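Position chain U relative to chain V; hints supplied.
Protein chains: 2
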Amino acid sequence: MQALETDWTDVEKNVAQTAFNKAYERELTGLMQAVRESSNQIEKPDDLWRLHDLLSAKRHEIDGKYDYRYPALMFVFAGLVKEGWLSIDELNGLQSNKVAKILALSRM
Amino acid sequence: MQALETDWTDVEKNVAQTAFNKAYERELTGLMQAVRESSNQIEKPDDLWRLHDLLSAKRHEIDGKYDYRYPALMFVFAGLVKEGWLSIDELNGLQSNKVAKILALSRM
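Chains as they are written, first to last, in numbering that gives the first Met the number 0: chain V, 0 to 107; chain U, 0 to 107.
Next up, chain V with everything else stripped away, as it sits in the complex (with noise of 0.2 Å):
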């Protein structure tokens, strides 16, 4: 199921790394966006560390989820998917055996 860098042409890493920065913008800016209508509510000490604690969490998690490596990408792509941050289509470009397993990967 791993697909080593050799294994993607040059069209599919551009298809890959656009993909990839796509879905990483879009949560960021969900999670920006939470922040600051989160922080406009804080009103006593226990709602600043319960900000710390999802800024803890989310950074822990995104940090875990965006790895741009090869052998990995296929899973990422599908997780992604599988949380709604991608379109499947947004992988047109990617041999279609790949799409297929990430389709696959996104819905176990």
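Stretch-level coverage of chain U by chain V, calculated; a stretch enters the list once three of its residues show a Cβ under 8 Å from a Cβ in chain V:
| no. | segment |
| --- | --- |
| 1 | 28-35 |
| 2 | 44-54 |
With a straight-line cut-off of 27 Å between C-alpha atoms, the simulated BS3-like cross-links for lysine-lysine are:
| no. | chain 1 | residue 1 | chain 2 | residue 2 |
| --- | --- | --- | --- | --- |
| 3 | V | K57 | U | K57 |
| 4 | V | K57 | V | K81 |
| 5 | U | K64 | V | K43 |
| 6 | V | K57 | U | K43 |
| 7 | U | K12 | U | K100 |
| 8 | V | K64 | V | K97 |
| 9 | U | K100 | U | K64 |
| 10 | U | K64 | U | K97 |
| 11 | V | K64 | V | K12 |
| 12 | V | K64 | V | K100 |
| 13 | V | K43 | U | K12 |
| 14 | V | K43 | U | K21 |
| 15 | V | K81 | V | K97 |
| 16 | V | K64 | U | K43 |
| 17 | V | K12 | U | K43 |
| 18 | U | K97 | U | K81 |
| 19 | V | K81 | V | K21 |
| 20 | V | K43 | U | K57 |
| 21 | U | K21 | U | K81 |
| 22 | V | K81 | U | K43 |
| 23 | U | K57 | U | K81 |
| 24 | U | K81 | V | K43 |
| 25 | U | K100 | U | K21 |
| 26 | V | K57 | V | K43 |
| 27 | U | K57 | U | K43 |
| 28 | V | K81 | V | K100 |
| 29 | V | K64 | V | K81 |
| 30 | V | K12 | V | K100 |
| 31 | V | K21 | U | K43 |
| 32 | V | K64 | V | K21 |
Worth flagging that the hints you see were computed from the coordinates, not collected in a lab.
Only a predicted model underlies this, so the values are computations on that prediction, with no experimental measurement involved.
C-beta atoms are modelled at their ideal positions from N, C-alpha and C, and glycine is treated no differently.
Coordinates of chain U only, in the frame set by chain V:
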């Protein structure tokens, strides 16, 4: 220099608890305001992680600083006076030797 719980009269305990709470409330109110302002200026992921770093550092610092145990309390008050979260006048009601020690420590 340490004062055990038995060295604090009931009146002193009340004064100490009130002063301690007041300093905590001031520092947290300032931090909540800073976080609200900083959140409204978040434009890119780095801003988000900088806010997270600030909250991590402040939470750690505040957890360590606001230690209401009698043997540590004069050091705690000295630190709060030094940092400006508490005025020495707000410790009126403590025995004068305690106030003098706190003042001396706050100037070290």
